[in-house]
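As a plain string of letters, each chain reads:
2 protein chains.
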Amino acid sequence: MGATIRDVARLAGVSASTVSRALSLPEMVNAATRARVAAAVEQLGYAPNRAARGLITGRTGTIGLVVPDLANPFFAGIAKGVQARARRHDVAVFVADTDEDPTTESGLIRALSKQVDGVVLCSPRGSDDELAAIAQDTTVVLVNRAAAGLPGINYDNEDGMRQAVAHLVALGHRRIAWVGGPASSWSTQHRGVGLRNAVQALHVELAPVGNFAPTYEGGMAAADQVVATGATAVITYNDLVAIGLLARLHGRGVSVPGDLSVVGVDDIAMSRMARPALTTVRMPKQEAGLLAVELLLSLLDDPEAATTTHGDLHGELIVRDSTGPAPQQ
Amino acid sequence: MGATIRDVARLAGVSASTVSRALSLPEMVNAATRARVAAAVEQLGYAPNRAARGLITGRTGTIGLVVPDLANPFFAGIAKGVQARARRHDVAVFVADTDEDPTTESGLIRALSKQVDGVVLCSPRGSDDELAAIAQDTTVVLVNRAAAGLPGINYDNEDGMRQAVAHLVALGHRRIAWVGGPASSWSTQHRGVGLRNAVQALHVELAPVGNFAPTYEGGMAAADQVVATGATAVITYNDLVAIGLLARLHGRGVSVPGDLSVVGVDDIAMSRMARPALTTVRMPKQEAGLLAVELLLSLLDDPEAATTTHGDLHGELIVRDSTGPAPQQ
DNA sequence: ACACAAACTGCAACCGATTGCAGACTGCAT
DNA sequence: ATGCAGTCTGCAATCGGTTGCAGTTTGTGT
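Here the protein sequences line up with chains A and B, keeping their order. Counted from 1, the first sequence has number 772 at position 152 by our numbering; the numbering is strictly sequential. Counted from 1, the second sequence has number 883 at position 263 by our numbering; the numbering is strictly sequential.
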């Protein structure tokens, strides 16, 4: 298809080596020659073939990104962040969507890891052992998942939950329901821990209603159980669940926030469009992607000297219309 | 990082050529040899480096996907479809997000086109000429955009609009407002044409209110103008706009569908969660991605013999709660 | 005019694969 | 034993780049 370095060399009347140097080590070649090369490059619309370069240098200028579901706005946000930062570093991104399937996941990661310099793994479902095995083969950065010793970017789930609880307590709530996500999920566990710590510190009650799918339907399914707890406020695993909950509560004639306050986690675009607009703990998604890329590239540059192997991101409570004063008993 | 074909060859006690053949043309090598090679491959966890293969065969087994915004659920859906089908064909996918910026777009496409076999361009903003130029360099499949002679997958926008109008007319509406998307957008233009044809055929009135950003904010901005038209129903460029409209109408005390019926286009996940749940013309997103990959791969296989160069996707009206009988005057 | 260093540029090998061609080996008929 | 076909396997060239090393210019001092 495109022109090769030899085409450029011929047109500029120099050798391929000179073209290569003119492009990557400009100060090493005579200004006049450099100009001729530049003209030839321009005229042919030449761009080096990264794959070929990768064979020599061992760096392809390509990273991989593995996400459970691109259609999930949370992951889409992270993907966008990864994208943006990678582009700035002139690095291309392979994206793979595992469809939330752990089997697909490990296969995809293996296949991907052969053709990229490193991989960003978003909320991987695989076991710690599997992840460790992958990290043997290639450089890995985890996002939203901590696993023994592997570098990663994580959200401070405990603190986010603390903020949510503090907000509700300030509004007078004394009994707070908790709708968990998938039991196996790393962040469900951490959010649960954060909640227990927070309610204990603030001397209020926690009423967990179990584990639900991290979806709109999951929220719909949880609604009745939440009402049954008698809690005046509820915190859900994520915004999708909260929005499903809102819908079912509306159907049941439960007023939000009049009868029940609702807090989600993530702050996806949909949340401010919900009715009532959802109070939620915003988890910075693009930032996670940006940081993951920075971390990965620095590890790639010099695995030893990397100043840090972990990033920590803080959630921020966004107060909207789904929370209000606890109803008078 | 990973083992090379020579490592495998050494371990199996054969030459690199034999390993290569054992993997790609198994019947050509002796069963016993093949078994030794297979064992060595297994032991080393070897996977061929696609980039190197690409240099020889001219096929890297990689395609590119360019979308305006990954965080937009419409494009995320298409990306998922592309993903899924590509994986089935054992093809990797580079994804690039242009952030809706035409300048970024052309640069990205150029860079991408050097390292992939072909590119899927989603709703590209570039001019027909720019697209034609790109198609010179690499194999291109357009999605949601027709440009002179280039292969593509498109939605039948005219028919979708016809369905929407027919539904509203059946409900007794006689004056329908139309909130357009970006003026430069190909699909805005086609939807406009479809609408004009439909209202003419059904003898009702169309009240266009201009062009708006294809976002929640765009819908908020359009609301007052829609009300001012005196129409009893409105069709919006897409669901995001419709949902923004819904929010502002709610704020204005306009009842939907009591006072005004609202129809969107796309059917993103958010639409069934809106209040009221949004009636919309569902545009199959994953299918578009699937078809685009099939088309691209067939063009790559044999540019001449490709049985078809275009795919057509039909929208389907999903009736929910945002449309109802026209109010009695 | 001559020697010598500095600044460029080209040659050739290499990265990890694939593939046409030719050589090696096997088995079988003569 | 010899010839011959058929099956496997290895050699070597190739893809598009990069880079160590050596050769060619050029300019400067004497």
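Hints may be right or wrong, so weigh each one.
[Said to hold, decoys possible] Below are the EDC-like pairs computed for lysine to aspartate or glutamate, each with C-alpha atoms no more than 16 angstroms apart in a straight line: (1) A:K700 - B:D689; (2) A:K700 - B:E662; (3) A:K734 - B:D689; (4) A:K700 - A:E914.
[Said to hold, decoys possible] In silico negatives: residues of chain A with every beta carbon more than 10 angstroms from chain B: (5) A655; (6) T680; (7) S733; (8) N774; (9) G814; (10) Q820; (11) A867; (12) V874; (13) S918.
[To be verified] Where chain A lies over chain B, by a calculated footprint (3+ residues, C-beta under 8 angstroms): (14) 647–660; (15) 685–697; (16) 714–723; (17) 731–743; (18) 764–776; (19) 814–827.
Hints in this document: simulated from the structure, not taken from any laboratory. Glycine residues also receive a C-beta, built at the ideal position from the N, C-alpha and C atoms.
Structure-based check of each hint:
1. Of the supplied pair hints, the one linking A:K700 and B:D689 holds, its CA atoms being roughly 8 angstroms apart against a limit of 16 angstroms.
2. This hinted pair does not check out: A:K700 and B:E662 have alpha carbons roughly 36 angstroms apart, beyond 16 angstroms.
3. Proposed proximity of A:K734 and B:D689 is contradicted: the alpha carbons are some 28 angstroms apart, above 16 angstroms.
4. Between A:K700 and A:E914 the alpha-carbon distance is near 14 angstroms, which keeps this suggested pair within the 16 angstroms criterion.
5. For A:A655, the condition that its CB be more than 10 angstroms from all CB atoms of chain B holds, with the nearest at approximately 22 angstroms.
6. In this structure A:T680 is not separated from chain B by more than 10 angstroms, as the shortest Cβ-Cβ distance comes to only about 7 angstroms.
7. The non-interface label for A:S733 is inconsistent with chain B: the shortest C-beta to C-beta separation is roughly 8 angstroms, within 10 angstroms.
8. For A:N774, the requirement that its beta carbon stay farther than 10 angstroms from each beta carbon of chain B is met, with the minimum near 21 angstroms.
9. Against chain B, the non-interface label of A:G814 holds: every CB pair exceeds 10 angstroms, the least being about 27 angstroms.
10. The beta carbon of A:Q820 is kept farther than 10 angstroms from every beta carbon of chain B, the shortest such distance being approximately 34 angstroms.
11. Under the 10 angstroms C-beta cut-off, the non-interface status given to A:A867 relative to chain B is violated; the minimum distance is some 6 angstroms.
12. No beta-carbon of chain B comes within 10 angstroms of the beta-carbon of A:V874; the shortest separation is about 14 angstroms.
13. Non-interface call for A:S918 relative to chain B: holds, since the shortest CB-CB distance, roughly 18 angstroms, exceeds 10 angstroms.
14. Residues of the stretch 647–660 of chain B with a Cβ under 8 angstroms from some Cβ of chain A number 0, which does not satisfy the need for three, so the listed coverage is violated.
15. Interface restraint, the stretch 685–697 of chain B with chain A: holds (6 residues with C-beta to C-beta distance below 8 angstroms; minimum three).
16. Look at the stretch 714–723 of chain B against chain A: 5 of its residues bring a Cβ nearer than 8 angstroms to a Cβ of that chain, three or more, so the hint holds.
17. Counting residues of the stretch 731–743 of chain B whose CB falls under 8 angstroms from any CB of chain A gives 5; the rule of at least 3 is met.
18. Closer than 8 angstroms: that is the beta-carbon criterion, and the stretch 764–776 of chain B has 0 residues meeting it against chain A, so the requirement of 3 is violated.
19. Counting residues of the stretch 814–827 of chain B whose beta-carbon sits less than 8 angstroms from any beta-carbon of chain A gives 0, not enough to reach three: the coverage restraint is violated.
The earlier numbered hints that this structure contradicts are 2, 3, 6, 7, 11, 14, 18, 19.
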